[in-house]
Structures are given as C-alpha cells and as structure tokens.
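Protein chains in written order, with the working numbering: chain R, 17 to 173; chain D, -19 to 319; chain B, 365 to 522.
To be clear, the hints were calculated from the coordinates, so they are not data collected in a lab. Accuracy of the hints is not assured; some may be wrong.
Claimed, not checked - No farther apart than 30 Å at their CA atoms in a straight line, the calculated lysine-lysine pairs in the DSBU-like style are these:
1. D/K244 - B/K384
2. B/K493 - D/K253
3. B/K513 - D/K244
4. B/K513 - R/K114
5. R/K93 - R/K74
6. R/K19 - D/K253
7. D/K234 - B/K384
8. D/K32 - R/K19
9. B/K389 - B/K372
10. D/K173 - D/K(-7)
11. D/K304 - R/K19
12. B/K513 - D/K136
13. D/K234 - B/K389
14. D/K304 - B/K389
15. R/K19 - D/K8
16. D/K253 - B/K384
17. R/K169 - R/K93
18. B/K384 - D/K173
19. B/K513 - D/K253
20. B/K389 - D/K252
21. D/K252 - R/K22
22. D/K(-7) - D/K161
23. D/K285 - D/K8
24. B/K384 - D/K48
Unchecked claim - Coverage of chain B stretches by chain R, computed from C-beta distances (three or more under 8 Å per stretch; other residues unrestricted):
25. 423 to 431
26. 443 to 454
What you are looking at is a predicted structure, and each value in this text was computed from that prediction instead of being measured. Even for Gly, the Cβ is constructed at its ideal location relative to N, Cα and C.
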Amino acid sequence: MKKRWKYTLVVFSLLLLLVGCTNQNDNKDSSMALIKTTQPTPMKLSNKNSDSLPAKVKKEVANIKEIYDVAVIEGNKTILVAYKVKHLYRFRMKSIEKRLTKRLKNEYPDEKFVVSSDYKIFLEAVRLREAMDAGKISKDQARKRFNNIVKLKEELT
Amino acid sequence: MLKGAQTWVFNSKPAILSTGVVGGPFEKNGNLAEDFDKFYEDLWMGQDSYEKAQRILIEDAVDIILQKEGIKEEKVQFFITGDLINQITPSSFAARTNQIPNLGLFSACATSMEGLALAAFLINYQGAKRIITGASSHNASAEKQFRYPTEYGGQKPPTAQWTVTGAGFALIGSGNDADEKPHPRILSATIGKVIDLGISDPFNMGGAMAPAAVDTIERHLQDLQIDPSYYDLIVTGDLATIGRSIALELFEQKGIPIKEEQFKDCGLLIYKKNQPVQSGASGPGCSATVLYGHLLNQMKSGRLKRILVVATGALLSPLSFQQKDTIPCIAHAVAIEYI
Amino acid sequence: MANKNKTKTPEQIQYDQLQKKHELKRPILKNCIRAFFIGGLICLVGQAVTYFYIYFFNFTEQTAGNPTVATMVFIAMILTGFGVYDRIGQFAGAGSAVPVTGFGNAVISSAIEHRTEGYVLGVGGNMFKLAGSVILFGVFSAFIVALVKTILTMWGGF
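All chains, full assembly: derive it from the sequences and hints.
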C-alpha cells in the first residue's frame, strides 16, 4: 500500500512539471491579471486620430457597477473592450454584455465594438499592452496579435 | 439417527482429524492470524484472475491437510464443498485438480456447516472412511459478482460486511484409531429451513440472516431437548454486529436463555477493530476459517469443550435483488465436542 | 409462498421494526458535510486546471471546458488505477461520485475489473456496466428538454 502513494506522488509531480513547460515571459501585471484588478491603460493601435476615444470608452465602462476591471484596445476596424464582472453579478453576464454593446453602440455609432467578459481575452489584452510598453513587439506584430485576440473571442468550442 | 424434526444425532461421533486453513492479506492483519496455516500477500496469488486465485486457496488448503495426515488423495473417498461464485466453479475446478469424487454444494455462507453435517452423516453410516469438506470465498470475486467492481468509489453503509478471502477445510473420519487420541468430534447436526422475513437490502445481510440463525438454534435445542447451557459456546457464521444484536433480542423474545458472553460470531472474531470492515466479516470462508482454525485450536488447548457452530447464509443473487425480491436465508448447525 | 403482493405479513412487519431498531443508521449529516467538502475540493481542483489551461495555453473560458474535463478524468483514472479512489469514495460518498471524476471512476473500474475476460467481451462489453444508464438517461433527457425548448420557442418566442 505504501507503494501506491509513492506512485501517485511521482505522477502528480510529473504533472506539476508540465506547468513549468511554458514560454510565457509574463510581466508582473499579466501574471496576476486573473486574480486582481489591473486597470491597464487603454491602448491605441489604429491610425485614426481619435486620441481620447479609448480613454473615454474605458472611463464609461469602468463606471458600470457590475464591472470592476476594463481593458480597451483600439484597432483599425474594431475596438476591443475586455472586462471582468464582479462575482455576484456573474449570473447576469449575458444581459450585461447585451446592455454594454447597446450602450456603446448608442454612444459611438461610428465605431464597431467587440465586447467580451472572458478572462482569456482580458489576459491577452493585458499581455499585449505590456508587450507594447516594453517595446518588445512592433506595431504590425501588435496588430496581428490584436486580430488573433478578436478571432479567439469568436471561438465556441 | 433422526431426532425431532430436523436434527441428526451421530452415534459413532465422527472426528475432525485434520484441518487446512488458508487466508489472504486482510486476514493476515486480522485478529486470528496465528490460527491460519498459510497466507497469501495479495489477492491475485500469482494468477490471472480472482476466480483462479480462489481455486488456489482451495487447492492449498486440501494439500495442507493431505500433507499433515501423510496420505494421498486416493485415500479420501469424497470432497464436499461449495462457494459463492456462479456455478461454484472454483470448487469444481479444485476438485478437478485433486480428483477426489466430488459433491458440490451451495448454501451461500452456510455451506461450511452443510458440508460438515453431510460429511458426518456419511462417515457415521459408513458411506465413507475419510471425507474432506469445507468452504471458501474470495473478497474480490464476490464483490465483482454481487456488487460493484472492486475499485468503484461507491460508499458502503455501516451495515455492510466484508467478504473473507480464505478457505477452511477439514478431514473427517471415524477417529477410531488405535492410540485413542482425543479429537474434536461431531455430536449432532441440525439442517435449517429457508427463512425470509422480508428484508431486501443486500447491504444488510446480518439483519436478513438473524431470524434463520435463531430458528435453527431453537429447533436444535427443541429436537435434542437440551438448553443452551449444554454448550460452552454458540457461535454463528457471519451475523456481525447488527445480526448478532437482533438475534440476542429474538432469543429474549422467544424465552431462550442464551447469555451474551456465550453467543459469539465468526464475522466479529476474525478482524481487528481498526480494520475497515463496516459491521463485520461474511462469506463461506468466514465460518470455515474461524472454525477449522481458531475454534478447533481453542478446543485442543482446553479452553472450549462443547460448541455449537451455526453457519448462516443469504440465498440471494444480484438478479433476484434487481427483480425486487426479498432475501431468504438459511442456517445449518453442527455440535462439536472435544473428546 | 412467493410474495406476489408486496404487502408484508404481520410477522414480517414486526421483524422489520425490530430490525430497524438494531440497524446502524447511516450518519447522514456527517456524510453530507464530508460530501460537500470533498465535492468542493474536486471542483476547486477543476477550476485550477481550467485556469491552468487559460493561462498557459490558447483556450478561452468557453473552450477550456473540454481539456479540463479530459484532465479530471485522467486524474480519476490514475487514482482508480492505484486503488486510491475507492477509499476517497468510502469517505466522501456522493462528493466523489457525482462530479465527472466519479463517472470516470465508474467506467475505469469496470474496465479494469473485466480485463480477465478478454478485451472485446470483457472490457468492451462490461465497461459501461455502471455508467451506461448515466449516458442513456442523460442523452434521453437532453433530447426531451431540447424538444420542449424548441416547441416553447416556436410558440412563445422566448
């Protein structure tokens, strides 16, 4: 019987090693993005001269009481709004998303919005922001990553 | 000779000449480990399947007896045994190995005493000179057949019982050898009726079997016109905690003066308190290994003189339970004295 | 006398009462608390696995469900194979039987048990002995619910 526990331990430690097999060089912010509020500054990736647009969008979304963290990235054609919903309000995620999209559409009818409450989208947005800040990637690469994030949002299974 | 309604009295008092008791890993850590002849370290016993392992238990027990007595299989006239597995295949396959003329039995966990009663009858009326009888069970093969796969994480209730992995066999003969050594001798046997008082929970065998044990003991005392103090010990096969306390209350109700210290149960004797067996042990191997090992050793060392062994069996199948039938039970009693 | 009618004789009723007095009752409250904590623990592990997949791999919350379930069943397989899961099950009861790990354990333990009867008839034929009814009734009830929902949306426009 002692052997059994030894084997279980060995297998579990092997599984833990898998966790180390990652090539993410995350900075402080994105590594904690899932756990605490990071409030990343809104980012602009497009060529439009609507300088204050991402900041305005962020301020507006942050004011909604059910949402406690927002990341806004403006791309060429779409603006990505990734947010985190407070725990108790997670039961009404769908209605919050609908309300937010309608509101953003009313306020800024010229822009196309991609709205997501998914942790992964938020995490990727924060990572993208950090990569830009650190100067690790070029604007073109950033745009490509941005498009990937938008595509990821559309995946269903 | 028939006495009363369902009891045999054996005038020539057939003797239990020798025994072979083999157990598994759980029994090795149990209470009665010194009274076993051989243990196996794991449930597979070097075989491909649990059913084959059970066969090894039986073959080993029979070999131990033959070695102890220094005789070969040809000197034994009959092999009377049974177990829990479908079509009693482990017993039949072991009989194929030892090539002793075979009488296969089934009365679930009461098989050991059914075999002993029939063997004593045959010896008494000179139908045979030597008979090997006993019973066996294997925890994993019984669980696989009756309940769930052994690794399944289902929760057993506190009334459940643990099937013993073990085989207990004995060589019965006339015992009239020249040097007049004392032997445990079989005085009488009572064959039980099938009793069913409407219990249908297969996890509560003790509750189902208690009425059968009480009925057989009552008949035995009535048929022989004796009272319980005639015996030093009345021991049941596998009533365990719940069955035993129900039986004690039923004795009280029927006015049979059986004292608590006098009434023991093999299912409670065989394992230690800290082993996870819920309410106790069960299985044909339970009564067989405890009687042919521990109880006979107690008699040989002088601590017990005359005992009544009542093996109880629950005659259900997984199918009968699924078809919403209740559990009918039976109990066979054999009286043994050391003279 | 086979009891065609399910009513008991007076003797049986009396014995039933006597038997219930002596029967060791299941400790329901203790079992519930144990099941709650172990079930919660398993779900906690599942959530950790989900975060692991979201963080290190390219899954979103929507899509991380699949590898999470696969990982949980893999863990159940390891625990069952090493003979640990049935001890957890004896302690936790429903807490370990209800989550997907319990389903995995049911299938895996049946498969292990019947290996001695060969792969086709033994393992293949008996693998779903316990889990078969889960799959059957799960799929069937999903079908009924989908049917009801379709009818309601057609009529009510919910």
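Tested hints:
| no. | hint | result |
| --- | --- | --- |
| 1 | D/K244 - B/K384 | holds, 21 Å |
| 2 | B/K493 - D/K253 | violated, 34 Å |
| 3 | B/K513 - D/K244 | violated, 62 Å |
| 4 | B/K513 - R/K114 | holds, 22 Å |
| 5 | R/K93 - R/K74 | holds, 18 Å |
| 6 | R/K19 - D/K253 | holds, 24 Å |
| 7 | D/K234 - B/K384 | holds, 19 Å |
| 8 | D/K32 - R/K19 | holds, 25 Å |
| 9 | B/K389 - B/K372 | holds, 22 Å |
| 10 | D/K173 - D/K(-7) | holds, 24 Å |
| 11 | D/K304 - R/K19 | violated, 42 Å |
| 12 | B/K513 - D/K136 | violated, 39 Å |
| 13 | D/K234 - B/K389 | holds, 26 Å |
| 14 | D/K304 - B/K389 | holds, 22 Å |
| 15 | R/K19 - D/K8 | holds, 19 Å |
| 16 | D/K253 - B/K384 | holds, 24 Å |
| 17 | R/K169 - R/K93 | holds, 16 Å |
| 18 | B/K384 - D/K173 | holds, 24 Å |
| 19 | B/K513 - D/K253 | violated, 56 Å |
| 20 | B/K389 - D/K252 | holds, 22 Å |
| 21 | D/K252 - R/K22 | holds, 27 Å |
| 22 | D/K(-7) - D/K161 | holds, 14 Å |
| 23 | D/K285 - D/K8 | holds, 27 Å |
| 24 | B/K384 - D/K48 | violated, 47 Å |
| 25 | 423 to 431 | holds (count 7) |
| 26 | 443 to 454 | holds (count 4) |
In summary, the numbered hints that this structure violates are 2, 3, 11, 12, 19, 24.
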